[in-house]
Amino acid sequence: MNSHTGQKYSLGDLVTRFGGELLGDASIQIRQVASLERAGLEHICFFSDVRYRSQLQNTSAGAIILGRKERNETALPRIICDNPYAYFAKVSSLLNPEPATMPGIHPLAVVDDSATIDSSASIGAFVVVGKNVKVGVGTVIGPGCHIGDNVSIGDDARLYASIVVYHDCLIGDRVILHSGVVIGADGFGFANDEGRWVKIPQIGRVLIGNDVEIGANTTIDRGALEDTVIEDGVKLDNLIMVAHNVRIGAHSAMAGCVGIAGSAKIGNRCTVGGAGMILGHLEIVDGVNVSAGTLITKSITKPGTYTSAMPFSKHQDWLKNAAHLRHMDKIVEKIRALEQKINELERKKS
Amino acid sequence: MNSHTGQKYSLGDLVTRFGGELLGDASIQIRQVASLERAGLEHICFFSDVRYRSQLQNTSAGAIILGRKERNETALPRIICDNPYAYFAKVSSLLNPEPATMPGIHPLAVVDDSATIDSSASIGAFVVVGKNVKVGVGTVIGPGCHIGDNVSIGDDARLYASIVVYHDCLIGDRVILHSGVVIGADGFGFANDEGRWVKIPQIGRVLIGNDVEIGANTTIDRGALEDTVIEDGVKLDNLIMVAHNVRIGAHSAMAGCVGIAGSAKIGNRCTVGGAGMILGHLEIVDGVNVSAGTLITKSITKPGTYTSAMPFSKHQDWLKNAAHLRHMDKIVEKIRALEQKINELERKKS
Amino acid sequence: MNSHTGQKYSLGDLVTRFGGELLGDASIQIRQVASLERAGLEHICFFSDVRYRSQLQNTSAGAIILGRKERNETALPRIICDNPYAYFAKVSSLLNPEPATMPGIHPLAVVDDSATIDSSASIGAFVVVGKNVKVGVGTVIGPGCHIGDNVSIGDDARLYASIVVYHDCLIGDRVILHSGVVIGADGFGFANDEGRWVKIPQIGRVLIGNDVEIGANTTIDRGALEDTVIEDGVKLDNLIMVAHNVRIGAHSAMAGCVGIAGSAKIGNRCTVGGAGMILGHLEIVDGVNVSAGTLITKSITKPGTYTSAMPFSKHQDWLKNAAHLRHMDKIVEKIRALEQKINELERKKS
Numbered sequence: 055m056n057s058h059t060g061q062k063y064s065l066g067d068l069v070t071r072f073g074g075e076l077l078g079d080a081s082i083q084i085r086q087v088a089s090l091e092r093a094g095l096e097h098i099c100f101f102s103d104v105r106y107r108s109q110l111q112n113t114s115a116g117a118i119i120l121g122r123k124e125r126n127e128t129a130l131p132r133i134i135c136d137n138p139y140a141y142f143a144k145v146s147s148l149l150n151p152e153p154a155t156m157p158g159i160h161p162l163a164v165v166d167d168s169a170t171i172d173s174s175a176s177i178g179a180f181v182v183v184g185k186n187v188k189v190g191v192g193t194v195i196g197p198g199c200h201i202g203d204n205v206s207i208g209d210d211a212r213l214y215a216s217i218v219v220y221h222d223c224l225i226g227d228r229v230i231l232h233s234g235v236v237i238g239a240d241g242f243g244f245a246n247d248e249g250r251w252v253k254i255p256q257i258g259r260v261l262i263g264n265d266v267e268i269g270a271n272t273t274i275d276r277g278a279l280e281d282t283v284i285e286d287g288v289k290l291d292n293l294i295m296v297a298h299n300v301r302i303g304a305h306s307a308m309a310g311c312v313g314i315a316g317s318a319k320i321g322n323r324c325t326v327g328g329a330g331m332i333l334g335h336l337e338i339v340d341g342v343n344v345s346a347g348t349l350i351t352k353s354i355t356k357p358g359t360y361t362s363a364m365p366f367s368k369h370q371d372w373l374k375n376a377a378h379l380r381h382m383d384k385i386v387e388k389i390r391a392l393e394q395k396i397n398e399l400e401r402k403k404s
Numbered sequence: 055m056n057s058h059t060g061q062k063y064s065l066g067d068l069v070t071r072f073g074g075e076l077l078g079d080a081s082i083q084i085r086q087v088a089s090l091e092r093a094g095l096e097h098i099c100f101f102s103d104v105r106y107r108s109q110l111q112n113t114s115a116g117a118i119i120l121g122r123k124e125r126n127e128t129a130l131p132r133i134i135c136d137n138p139y140a141y142f143a144k145v146s147s148l149l150n151p152e153p154a155t156m157p158g159i160h161p162l163a164v165v166d167d168s169a170t171i172d173s174s175a176s177i178g179a180f181v182v183v184g185k186n187v188k189v190g191v192g193t194v195i196g197p198g199c200h201i202g203d204n205v206s207i208g209d210d211a212r213l214y215a216s217i218v219v220y221h222d223c224l225i226g227d228r229v230i231l232h233s234g235v236v237i238g239a240d241g242f243g244f245a246n247d248e249g250r251w252v253k254i255p256q257i258g259r260v261l262i263g264n265d266v267e268i269g270a271n272t273t274i275d276r277g278a279l280e281d282t283v284i285e286d287g288v289k290l291d292n293l294i295m296v297a298h299n300v301r302i303g304a305h306s307a308m309a310g311c312v313g314i315a316g317s318a319k320i321g322n323r324c325t326v327g328g329a330g331m332i333l334g335h336l337e338i339v340d341g342v343n344v345s346a347g348t349l350i351t352k353s354i355t356k357p358g359t360y361t362s363a364m365p366f367s368k369h370q371d372w373l374k375n376a377a378h379l380r381h382m383d384k385i386v387e388k389i390r391a392l393e394q395k396i397n398e399l400e401r402k403k404s
Numbered sequence: 055m056n057s058h059t060g061q062k063y064s065l066g067d068l069v070t071r072f073g074g075e076l077l078g079d080a081s082i083q084i085r086q087v088a089s090l091e092r093a094g095l096e097h098i099c100f101f102s103d104v105r106y107r108s109q110l111q112n113t114s115a116g117a118i119i120l121g122r123k124e125r126n127e128t129a130l131p132r133i134i135c136d137n138p139y140a141y142f143a144k145v146s147s148l149l150n151p152e153p154a155t156m157p158g159i160h161p162l163a164v165v166d167d168s169a170t171i172d173s174s175a176s177i178g179a180f181v182v183v184g185k186n187v188k189v190g191v192g193t194v195i196g197p198g199c200h201i202g203d204n205v206s207i208g209d210d211a212r213l214y215a216s217i218v219v220y221h222d223c224l225i226g227d228r229v230i231l232h233s234g235v236v237i238g239a240d241g242f243g244f245a246n247d248e249g250r251w252v253k254i255p256q257i258g259r260v261l262i263g264n265d266v267e268i269g270a271n272t273t274i275d276r277g278a279l280e281d282t283v284i285e286d287g288v289k290l291d292n293l294i295m296v297a298h299n300v301r302i303g304a305h306s307a308m309a310g311c312v313g314i315a316g317s318a319k320i321g322n323r324c325t326v327g328g329a330g331m332i333l334g335h336l337e338i339v340d341g342v343n344v345s346a347g348t349l350i351t352k353s354i355t356k357p358g359t360y361t362s363a364m365p366f367s368k369h370q371d372w373l374k375n376a377a378h379l380r381h382m383d384k385i386v387e388k389i390r391a392l393e394q395k396i397n398e399l400e401r402k403k404s
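Line by line, the protein sequences are chains Y, A and D.
If you're matching positions, the first sequence starts at 55 in the working numbering and goes up one per residue.
If you're matching positions, the second sequence starts at 55 in the working numbering and goes up one per residue.
If you're matching positions, the third sequence starts at 55 in the working numbering and goes up one per residue.
Quick caveat, the hints were computed from the structure, so don't treat them as lab data.
Worth double-checking, as some hints may not be accurate.
Each pair may be met inside one copy or between any two copies, as identical chains are not told apart.
As the list claims (entries may be wrong) - Mimicking DSS-like on lysine-lysine, the simulated pairs with C-alpha atoms at most 25 angstroms apart in a straight line are:
#  : residue 1 : residue 2
1  : 352       : 319
2  : 62        : 403
3  : 374       : 185
4  : 356       : 388
5  : 188       : 319
6  : 352       : 374
7  : 62        : 188
8  : 356       : 374
9  : 356       : 384
10 : 352       : 253
11 : 185       : 319
12 : 374       : 388
13 : 356       : 319
14 : 402       : 388
15 : 356       : 253
16 : 123       : 402
17 : 188       : 402
For clarity, every value in this text was computed on a predicted model and none was experimentally measured.
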């Protein structure tokens with residue numbers, strides 16, 4: 055585990071900052087967060103799932119964050135609150151601040167004279183910044199990033215190394231982009247002209263709201279005619295493909311390897327599990343959860359969880375089974391034939 | 055929407071360049087393409103699907119491109135042609151030319167003395183160009199690209215920022231590579247030697263034909279012994295994996311997140327929908343369409359559309375359903391037993 | 055095909071180095087490996103699959119590597135050994151050595167003064183090396199790589215161009231990372247706080263053992279609290295997503311487009327086929343093979359091969375078939391009803 059900071063906080067400090075009810079010695083010093091299994095006296099942990107009760111009983115942690123119902127699950131010094139995991143997140147952010155970055159433009163960056171870079175921003179080595187780019191207060195652009203003409207990046211954003219943002223895209227405040235992210239490459243638009251593909255220029259942009267985080271090597275294509283839009287608070291994991299003209303509603307979250315095809319509109323507070331795929335030109339309402347490995351082929355008009363995953367088997371069993379999966383229509387026909395015959399037998403009987 | 059150009063063209067100009075029949079005032083000036091919904095007087099739109107008839111009726115566009123059958127669907131100034139979408143593509147390319155790039159080699163690029171860079175080509179900042187590399191007329195290599203030894207890139211190609219081309223690969227004319235593309239990394243070849251993997255050196259190349267476009271973060275591996283080949287006019291979307299020794303036939307197109315395993319041979323004018331997967335050592339004839347989310351496990355010898363996607367359900371319904379999917383063989387057995395019993399009952403009857 | 059070397063070896067040299075039984079003229083000179091179909095007199099091939107017998111009979115190769123049982127399948131000069139493919143791998147590595155790289159730090163690299171770079175290591179142009187980084191003997195870091203603070207890279211490792219390694223990660227000896235790889239980006243960890251996502255700082259590292267190879271644009275996230283671990287000898291193909299806290303056991307191998315969700319523990323000597331997906335918090339024992347396109351949703355406690363792929367059909371057949379796949383529970387119910395009716399008919403009969 056790394057430790058960006060040696061700074062400690064007392065339990066009293068923590069409840070002053072983040073609220074909650076403190077049971078135990080307010081002067082106990084906390085240096086870092088940890089798992090129940092690995093924690094020592096200077097660590098704080100969270101507990102929110104009774105399946106881990108034995109880990110809680112055996113932990114050597116200095117303090118625990120836990121929910122109101124679980125207040126008596128341990129006798130250790132503890133903070134009682136409504137949402138232990140969110141509380142833990144805030145404590146961990148306090149204990150693990152982003153390392154300070156020197157403001158200023160690295161001498162080996164190439165920044166166009168027309169760009170407006172806030173004096174508190176940091177531009178790393180081998181960065182290229184195009185014409186009319188704006189970079190806001192406290193924003194950090196890591197080494198090797200390429201920021202196209204007319205791009206605007208808000209305040210306190212963090213672009214890690216080797217990110218590309220194509221021309222004209224807008225990126226909000228407190229956005230985090232991880233390495234290898236590509237924002238604003240051309241959407242996949244071609245007209246077929248007698249067997250050959252003619253490119254449709256992609257003249258839309260990508261608009262990314264505030265508080266968005268995007269994982270490593272994820273790509274978000276620019277719109278064909280209008281814009282691709284990622285709303286506030288969206289969290290995207292690694293290696294996700296967001297196609298042109300997609301809109302992802304506020305506070306939606308998607309796990310790794312997800313694909314969203316062109317012009318799909320995803321609602322607010324949706325989730326998509328790993329490798330979920332959403333076809334193009336669909337609309338998905340707010341509050342939909344798509345399970346991992348699930349292919350969504352039609353619009354979804356009601357909140358809830360949707361799944362299409364095929365269950366796995368031992369390969370030998372699958373071999374016996376799989377061929378039948380292609381002949382469901384015949385199986386259903388056979389059942390109908392049986393039903394008719396039985397009805398006939400019963401009729402004759404009576 | 056961006057606008058790389060302020061240049062306008064009259065409807066008369068357009069039919070002079072691209073053909074078609076003009077109905078209406080030839081002097082009407084067009085500045086940009088747009089969707090029917092967002093268009094204004096200086097915009098031209100296309101119409102090819104009667105499902106959007108109400109949008110056509112309500113549009114404020116200055117002119118419409120539409121097919122011969124639809125010639126009377128609007129009274130607006132219009133261009134009648136055989137393929138409205140391809141016509142629209144050409145008009146849009148005219149109105150949205152690539153921004154001009156300054157020819158020459160950026161002073162912060164590292165270009166080997168043995169490389170042959172055409173004087174009209176543009177090599178961006180922080181580019182590395184290896185030994186004996188050739189770069190053709192009008193080709194643009196964006197910032198941060200790395201071009202390995204002996205690579206040849208044709209004329210009028212466009213490599214966006216942060217692309218890697220490994221040694222010995224060949225790239226044709228008018229090829230477009232988007233950011234994060236990796237061409238020619240080692241294929242995945244290992245021999246198992248008593249539980250350990252021994253690397254098979256990958257000594258083939260990647261050969262990319264003319265007019266190919268490859269989306270962001272797509273990877274195309276070099277061949278093991280022979281070459282991986284992407285033929286003319288192929289269009290690949292983002293985050294696609296093309297393994298070693300694959301051949302993709304001319305004018306085939308593949309959507310995002312597709313995977314093509316080693317030594318698969320894909321015919322001409324094929325399409326693969328998003329997240330389609332094609333296993334290794336297969337052959338797929340010309341004119342095959344693989345649906346989104348479909349896994350191709352055997353060679354395909356006839357053109358047509360092929361699908362394996364599992365339909366999605368509400369999760370509660372899926373839970374009731376999914377377990378049975380693993381026991382198709384038992385279901386089929388039960389049906390056979392029923393058929394036998396009924397045959398017996400009927401025989402006794404008669 | 056490239057040829058990094060003009061050096062030839064006699065068959066006698068090869069058996070001296072790698073063992074095996076030589077049948078034929080020991081003085082025959084071999085310049086390169088090749089496929090049976092393309093080989094000429096200076097090429098050596100391997101033969102291990104009797105399906106390619108006709109290729110063996112027609113080859114123009116100078117020599118063949120083959121197994122003990124197949125010793126008489128050809129009369130050509132040949133090397134007989136236990137594992138022809140592994141033998142071929144070793145011969146190919148001898149004939150195709152990595153091109154020599156000049157040791158030293160490129161004048162356009164930015165290396166922190168506190169970094170320890172072995173004098174035999176090579177640091178390419180536009181590389182950024184952070185504080186306290188260690189780079190071992192003979193290691194090559196290609197152009198445009200970004201190595202975060204406190205990273206340690208072992209001996210004889212090879213990082214191709216444009217790789218990012220975040221702070222604090224450890225990389226072993228003889229590791230090969232291909233372009234676009236991102237090691238140590240933040241894992242996908244968020245607590246939901248009244249509809250908004252609060253980031254969980256990811257304070258673990260990535261630990262990569264010896265002899266690991268990782269394909270282009272693959273991403274391996276750092277651990278949330280503890281570390282993500284890739285053990286010795288693991289081979290990962292392109293565009294793979296390894297989430298936080300995953301452990302991949304020694305000598306496991308995974309094909310392109312695989313996803314491993316958070317905290318999954320994969321055993322030793324496992325394989326995962328292309329686009330296989332393994333859900334989070336699972337444990338998979340040693341020696342498990344997951345088929346291509348298979349979603350693993352539960353822990354696997356026994357070695358063997360596991361599959362969930364849905365077989366593909368012509369789209370017209372699939373359309374007739376697919377709707378039924380969502381109604382397996384109803385089909386099973388109907389069968390039960392039929393069974394009851396038949397039992398009744400039989401009872402009445404008797």
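Quick rundown of the hints versus the structure:
no.	hint	result
1	352 to 319	within (12 angstroms within a copy, 31 angstroms between copies)
2	62 to 403	neither (86 angstroms within a copy, 84 angstroms between copies)
3	374 to 185	neither (62 angstroms within a copy, 56 angstroms between copies)
4	356 to 388	neither (35 angstroms within a copy, 29 angstroms between copies)
5	188 to 319	neither (29 angstroms within a copy, 44 angstroms between copies)
6	352 to 374	between (31 angstroms within a copy, 17 angstroms between copies)
7	62 to 188	neither (37 angstroms within a copy, 29 angstroms between copies)
8	356 to 374	between (37 angstroms within a copy, 20 angstroms between copies)
9	356 to 384	between (32 angstroms within a copy, 23 angstroms between copies)
10	352 to 253	neither (27 angstroms within a copy, 32 angstroms between copies)
11	185 to 319	neither (32 angstroms within a copy, 44 angstroms between copies)
12	374 to 388	both (19 angstroms within a copy, 15 angstroms between copies)
13	356 to 319	within (14 angstroms within a copy, 35 angstroms between copies)
14	402 to 388	both (21 angstroms within a copy, 21 angstroms between copies)
15	356 to 253	neither (37 angstroms within a copy, 28 angstroms between copies)
16	123 to 402	neither (65 angstroms within a copy, 60 angstroms between copies)
17	188 to 402	neither (85 angstroms within a copy, 86 angstroms between copies)
Of the hints listed earlier, those the structure fails to meet are numbers 2, 3, 4, 5, 7, 10, 11, 15, 16, 17, in rising order.
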